Amino acid sequence: MKSHKSRPTADAPGKAANRCTFRIDREEVFGRPLIVLGDARDMTEKLVIIGNGMAPGRMLEHLLEKTPGRYQVTIFNAEPRVNYDRIMLSPVLSGEKGYEEIIIHGDGWYVRNGITLYKGHRIQAIDRAARTVTSAQGVTESYDKLVIATGSLPIILPVPGHDLAGVLTYRDLDDVNAMLLAAQSRAEAVVIGGGLLGLEAAAGLQAQRMNVTVVHLMPSLMERQLDPAAGYLLQKALEERGIKVLTKANTKAIHGAGKVEAVELADGTIIPASLVVMAAGIRPNAALARDAGLAINRGIVVDQGMRTSDPAIFALGECAEVGGHVYGLVAPLYEMGRVAAAQLAGDDTATFVHNDTPTKLKVTGIDVYSVGDFADGDDRQEIVLRDAAAGIYKRVVLKDDRIVGTVLFGEVSDGAWFNDLKKKAANISEMRDTLIFGQAYQGGGAFDPKAAVEALPGDAEICGCNGICKSRIVDTIKAKGLTTLDDVRAHTKASASCGSCTGLVEQLMELTLGDTYSRTAVQPMCGCTPLGHDEVRRLIKAKSLKSVPAVMQELEWKTSCGCAKCRPALNYYLVCDWPDEYADDYQSRFINERVHANIQKDGTFSVVPRMWGGVTSAAELRAIADVVDKFAIPTVKVTGGQRIDMLGIRKEDLPAVWADLGKAGFVSGHAYAKGLRTVKTCVGTDWCRFGTQDSTGFGIRIEKFMWGSWTPAKVKMAVSGCPRNCAEATCKDVGVICVDSGYEIHFAGAAGLDIKGTEVLGLVRTEDEALEHIAALVQMYREQGRYLERIYKWAKRVGIDEVRRQILHDGGMRRAYFDRFVFSQRFAQVDPWSERVSGKDKHEFRPLAAVGFSEAAE
Amino acid sequence: MSWIAIGSLDDIPVRGARCVNTPVGRIAVFRTAEDQVFAIEDHCPHKGGPLSEGIVHGTSVTCPLHNWVISLETGKALGADEGETRTHQIRVEDGRLFIALERAARAA
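Sequence order for the protein chains is A and B.
Going by my numbering, the first sequence opens with residue 1, and the numbers climb by one from there.
Going by my numbering, the second sequence opens with residue 1, and the numbers climb by one from there.
Everything labelled a hint here was simulated from the structure, so no lab data went into it.
Since the structure is predicted, the reported quantities are computational estimates derived from the model, not experimental observations.
Mixed in with the good hints there might be a few duds.
[Stated by the list, open to error] Calculated cross-link-like contacts (lysine-lysine; reagent style BS3-like; alpha-carbon spacing at most 27 Å):
{"no.": "1", "chain 1": "B", "residue 1": "Lys47", "chain 2": "A", "residue 2": "Lys478"}
{"no.": "2", "chain 1": "B", "residue 1": "Lys76", "chain 2": "A", "residue 2": "Lys558"}
{"no.": "3", "chain 1": "A", "residue 1": "Lys236", "chain 2": "A", "residue 2": "Lys362"}
{"no.": "4", "chain 1": "A", "residue 1": "Lys360", "chain 2": "A", "residue 2": "Lys97"}
{"no.": "5", "chain 1": "A", "residue 1": "Lys793", "chain 2": "A", "residue 2": "Lys756"}
{"no.": "6", "chain 1": "B", "residue 1": "Lys76", "chain 2": "A", "residue 2": "Lys756"}
{"no.": "7", "chain 1": "A", "residue 1": "Lys259", "chain 2": "A", "residue 2": "Lys244"}
{"no.": "8", "chain 1": "B", "residue 1": "Lys47", "chain 2": "A", "residue 2": "Lys714"}
{"no.": "9", "chain 1": "A", "residue 1": "Lys840", "chain 2": "A", "residue 2": "Lys630"}
{"no.": "10", "chain 1": "A", "residue 1": "Lys565", "chain 2": "A", "residue 2": "Lys541"}
{"no.": "11", "chain 1": "A", "residue 1": "Lys663", "chain 2": "A", "residue 2": "Lys840"}
{"no.": "12", "chain 1": "A", "residue 1": "Lys541", "chain 2": "A", "residue 2": "Lys663"}
{"no.": "13", "chain 1": "A", "residue 1": "Lys97", "chain 2": "A", "residue 2": "Lys236"}
{"no.": "14", "chain 1": "B", "residue 1": "Lys76", "chain 2": "A", "residue 2": "Lys601"}
{"no.": "15", "chain 1": "A", "residue 1": "Lys842", "chain 2": "A", "residue 2": "Lys565"}
{"no.": "16", "chain 1": "A", "residue 1": "Lys793", "chain 2": "A", "residue 2": "Lys493"}
{"no.": "17", "chain 1": "B", "residue 1": "Lys76", "chain 2": "A", "residue 2": "Lys637"}
{"no.": "18", "chain 1": "A", "residue 1": "Lys565", "chain 2": "A", "residue 2": "Lys601"}
{"no.": "19", "chain 1": "A", "residue 1": "Lys424", "chain 2": "A", "residue 2": "Lys244"}
{"no.": "20", "chain 1": "A", "residue 1": "Lys546", "chain 2": "B", "residue 2": "Lys76"}
{"no.": "21", "chain 1": "A", "residue 1": "Lys601", "chain 2": "A", "residue 2": "Lys558"}
[Unchecked claim] Okay, the calculated beta carbon distance ranges per label pair:
{"no.": "22", "chain 1": "B", "residue 1": "Gly79", "chain 2": "A", "residue 2": "Asp754", "range": "25 to 35 Å"}
{"no.": "23", "chain 1": "A", "residue 1": "Thr639", "chain 2": "B", "residue 2": "Glu34", "range": "36 to 46 Å"}
{"no.": "24", "chain 1": "A", "residue 1": "Val739", "chain 2": "B", "residue 2": "Glu34", "range": "56 to 66 Å"}
{"no.": "25", "chain 1": "A", "residue 1": "Ala656", "chain 2": "B", "residue 2": "Gly79", "range": "30 to 40 Å"}
{"no.": "26", "chain 1": "B", "residue 1": "Glu34", "chain 2": "A", "residue 2": "Gly377", "range": "13 to 23 Å"}
{"no.": "27", "chain 1": "A", "residue 1": "Asp660", "chain 2": "B", "residue 2": "Asp11", "range": "25 to 35 Å"}
{"no.": "28", "chain 1": "A", "residue 1": "Ser741", "chain 2": "B", "residue 2": "Gly79", "range": "53 to 63 Å"}
{"no.": "29", "chain 1": "B", "residue 1": "Glu82", "chain 2": "A", "residue 2": "Pro158", "range": "53 to 63 Å"}
{"no.": "30", "chain 1": "B", "residue 1": "Glu82", "chain 2": "A", "residue 2": "Thr351", "range": "51 to 61 Å"}
[Stated by the list, open to error] Example chain B residues on the side facing chain A (calculated, C-beta under 10 Å, incomplete):
{"no.": "31", "residue": "Ala17"}
{"no.": "32", "residue": "Glu34"}
{"no.": "33", "residue": "Thr74"}
{"no.": "34", "residue": "Gly75"}
Using N, Cα and C, we set each Cβ at its ideal position, and we do this for glycine too.
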């Protein structure tokens with residue numbers, strides 16, 4: 001772009017001197033009578049400004065300060081009013097402010113400064129040769145310097161019905177007044193566009209008690225300013241206020257007879273609406289400049305001194321394009337005003353420099369801040385802080401130890417500080433560990449990531465499950481000389497329940513014990529996320545995440561659709577936490593759980609029918625024998641869990657095998673499941689001369705009560721009728737040893753990779769009580785276990801005493817766990833084999849096609 | 001080379017696979033979350049596991065037998081593992097799937 005360095009001179013001083021500056025305007029259609037008293041004595045140059053928005057307003061302030069009286073100023077404003085703060089239109093719409101409160105320059109300011117303001121005068125033509133402008137009302141004014149500040153125009157989607165009454169834009173006070181009028185109907189409004197303006201309009205209309213739906217074309221809100229995670233939080237915050245948000249929604253048409261009645265989307269959805277606000281974006285209003293023959297690109301092209309291709313004409317504000325950028329936020333527009341004023345005052349060194357502008361959403365109660373570039377990249381790193389409970393998300397994007405972008409949601413007070421560091425390109429490697437906590441945690445010299453925990457007051461609650469505060473933990477560590485996490489859990493109960501505060505407790509241990517304690521880092525679930533299983537589980541509940549994509553979106557998964565480690569885990573967590581709402585995602589299950597059989601090394605499958613409590617009959621055995629013959633099943637074997645396994649069945653044969661087994665009364669034995677497998681039993685009082693209880697009957701009862709439930713890892717049980725323990729209950733996940741006085745409940749045994757005897761939960765008197773305890777125990781494990789973590793590992797993590805406290809001693813908690821288990825079973829106890837015999841998931845068991853030699857031949 | 005119709009895209013679950021039996025062996029036809037389609041031999045280079053039974057993520061599949069991750073685009077094992085499964089050309093036309101069996105492949 002050519003730079004105009006030649007200093008402008010007053011090339012027609014005589015004209016200005018002849019001009020009368022005392023004027024009484026007639027009352028006009030669009031304007032009000034305006035009396036301006038001015039003094040022409042020192043005015044040697046005439047400055048005409050087209051437009052009276054915030055940018056030229058700021059320019060005038062600077063100009064009046066730098067060279068008061070140098071210019072005789074005339075403003076033509078197409079709007080019939082003074083300069084007001086357009087940024088504050090949203091509070092006017094929501095009713096938080098009135099128009100009078102957002103006026104920047106009242107009528108008196110123009111009078112005091114000798115400025116002529118034509119209200120409601122739209123300039124129709126610029127005559128660059130004659131250096132005049134002419135308004136629609138026929139007023140012609142000559143200029144020495146002209147400033148074009150015509151702003152921008154809202155983009156009107158050219159859909160059918162866009163010109164119906166009731167379709168508005170959101171640019172000026174007239175729009176707001178029209179919206180306020182429409183809002184009185186308390187009816188339905190649709191806002192098209194989920195950017196800054198659209199969302200502010202939506203919030204404002206909602207505050208006026210309209211039912212508002214935001215229709216947004218892109219997958220997440222404010223996608224130009226926010227990353228998907230923040231966009232998602234924003235959407236949720238808006239939805240919590242009752243604003244409906246439809247993303248990926250393409251407006252097809254606006255319907256109505258004479259006035260708006262509904263909006264139709266491309267997918268056919270019809271949304272009733274009496275008001276439609278188009279907030280799909282803006283474009284520079286450069287028509288007047290184009291007609292005048294000035295250089296135009298997206299906007300009016302100006303150099304860094306805000307000069308257009310005509311050295312006598314400046315342009316600034318949203319209509320101007322400088323260095324290839326057009327702007328819509330106030331900070332750069334004010335900067336343009338400063339530069340233009342300096343240039344007009346004769347300082348030709350003043351230049352406009354592009355700076356990333358922070359974005360803030362002006363919706364009361366929703367704090368969003370973003371600045372810079374926050375796209376991922378190989379050369380970039382990010383620091384992310386999330387606090388689900390407090391609704392806080394902070395993300396700082398780094399490149400070469402310098403901040404290049406920041407997105408804040410919920411807690412934005414450090415936005416300016418981050419932006420300052422970014423602007424200064426400050427090297428943050430020294431404070432990297434604490435950067436995300438913000439300025440308050442950057443002490444002098446020594447940076448300590450534990451500062452946030454250290455700064456907590458003694459009565460701050462650390463463990464929400466058990467109500468344990470910071471001082472209690474610290475005091476106990478000191479008083480009892482505790483050195484391990486398990487000790488702290490045992491003595492304080494902190495982090496002994498859901499475990500989500502473990503990190504905090506460990507930081508407190510580090511603070512109290514110094515270097516003698518080193519904590520174990522949280523193991524991420526997989527390469528797709530830095531979050532550990534516990535944190536993911538906690539966030540699924542806290543944020544009510546109810547689908548795999550929602551979890552990945554909200555928790556910012558690094559991969560598009562996860563991996564073979566996290567997907568099955570997430571699917572389990574969702575099945576467990578939302579039994580009635582979540583639709584099981586079979587494509588996220590291992591093949592065994594997808595086809596309800598166990599895959600073998602050669603790609604065939606094994607099938608284990610359920611034999612309740614390990615008890616069978618001649619009819620069942622006969623049916624199995626028939627199936628083995630009919631399908632030429634190569635191997636039949638008795639399993640360690642007292643069941644019969646048929647191995648080597650071709651996948652295509654599975655439905656037919658199940659059909660035959662089903663006719664004999666068999667259901668799936670779930671030998672493939674991360675779920676309840678088997679309940680082994682001995683013969684108990686029915687036959688055994690030592691038996692103390694009906695262990696067989698109780699085993700069958702447990703199995704019939706608990707089959708079908710999904711668990712973090714497989715659950716194997718056993719019931720022995722006496723302490724001789726023939727069912728080997730003391731190495732099971734859950735076991736029962738019957739004694740004369742009742743039922744001794746065991747858990748957390750192992751006889752696989754590890755060998756471990758069970759722990760005793762306690763002794764209960766009746767079978768009913770035993771069942772309630774066992775179901776509650778399993779439910780506690782279901783809710784807290786990490787995927788693939790067997791009960792004995794979970795129990796070690798949580799603490800045996802803690803399990804005992806919640807299940808054995810706290811009847812209320814036990815009952816609550818039990819009730820949740822029962823609720824979950826309502827949706828779980830469906831025999832997957834009979835479902836598939838009836839045709840479910842047919843595609844799983846058939847090839848897509850068979851191509852013969854003839855088809856393959858060319 | 002000739003294109004052989006094998007069915008339609010809708011026959012394959014999203015993030016799933018179906019098999020086509022051919023004279024050159026069983027071919028697994030995958031459909032990703034983004035509706036990309038790939039055809040590779042249903043045979044893991046490690047121990048011959050049926051890749052069509054694996055979990056599909058991105059443009060990869062994890063073998064159900066020993067968790068090798070195979071790229072659907074190249075047929076190559078990803079990560080530290082080394083090995084390669086033969087890929088086949090496939091195209092989608094109006095939701096219909098066509099597979100091409102190469103001469104070399106058939107000769108094998």
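Now the hints, each set against the structure:
1. B/Lys47 x A/Lys478: violated (56 Å)
2. B/Lys76 x A/Lys558: Within the cut-off at roughly 22 Å; holds.
3. A/Lys236 x A/Lys362: This hinted pair holds, its Cα atoms lying about 16 Å apart.
4. A/Lys360 x A/Lys97: Holds. Lysine 360 of chain A to lysine 97 of chain A sits at ~18 Å (cutoff 27 Å).
5. A/Lys793 x A/Lys756: The given pair, whose Cα atoms are some 11 Å apart, holds under the 27 Å limit.
6. B/Lys76 x A/Lys756: violated (41 Å)
7. A/Lys259 x A/Lys244: holds (23 Å)
8. B/Lys47 x A/Lys714: holds (26 Å)
9. A/Lys840 x A/Lys630: holds (23 Å)
10. A/Lys565 x A/Lys541: Given pair lysine 565 of chain A, lysine 541 of chain A holds - Cα atoms ~20 Å apart, limit 27 Å.
11. A/Lys663 x A/Lys840: holds (18 Å)
12. A/Lys541 x A/Lys663: violated (41 Å)
13. A/Lys97 x A/Lys236: holds (26 Å)
14. B/Lys76 x A/Lys601: The hint holds at about 21 Å.
15. A/Lys842 x A/Lys565: Between lysine 842 of chain A and lysine 565 of chain A the Cα gap is close to 26 Å, so the pair holds against 27 Å.
16. A/Lys793 x A/Lys493: holds (18 Å)
17. B/Lys76 x A/Lys637: This hinted pair is violated, its Cα atoms lying about 37 Å apart.
18. A/Lys565 x A/Lys601: Judged against 27 Å, a Cα distance of about 20 Å means the pair holds.
19. A/Lys424 x A/Lys244: Measuring from Cα to Cα gives roughly 40 Å; hence the hint is violated.
20. A/Lys546 x B/Lys76: Judged against 27 Å, a Cα distance of about 34 Å means the pair is violated.
21. A/Lys601 x A/Lys558: violated (32 Å)
22. B/Gly79 x A/Asp754: 25 to 35 Å: holds (28 Å)
23. A/Thr639 x B/Glu34: 36 to 46 Å: holds (42 Å)
24. A/Val739 x B/Glu34: 56 to 66 Å: holds (60 Å)
25. A/Ala656 x B/Gly79: 30 to 40 Å: holds (39 Å)
26. B/Glu34 x A/Gly377: 13 to 23 Å: At roughly 21 Å between Cβ atoms, glycine 377 of chain A and glutamate 34 of chain B fall inside 13 to 23 Å, so the hint holds.
27. A/Asp660 x B/Asp11: 25 to 35 Å: Holds, at about 27 Å.
28. A/Ser741 x B/Gly79: 53 to 63 Å: Check passed, 56 Å falls within 53 to 63 Å.
29. B/Glu82 x A/Pro158: 53 to 63 Å: holds (56 Å)
30. B/Glu82 x A/Thr351: 51 to 61 Å: holds (58 Å)
31. Ala17: The hint holds - alanine 17 of chain B has a Cβ within 10 Å of chain A, the shortest such distance being about 9 Å.
32. Glu34: holds (8 Å)
33. Thr74: Hint on threonine 74 of chain B: violated, closest Cβ of chain A at ~18 Å, above 10 Å.
34. Gly75: violated (18 Å)
Violated hints, listed in ascending order, are 1, 6, 12, 17, 19, 20, 21, 33, 34; each of the other numbered hints is respected by the structure.
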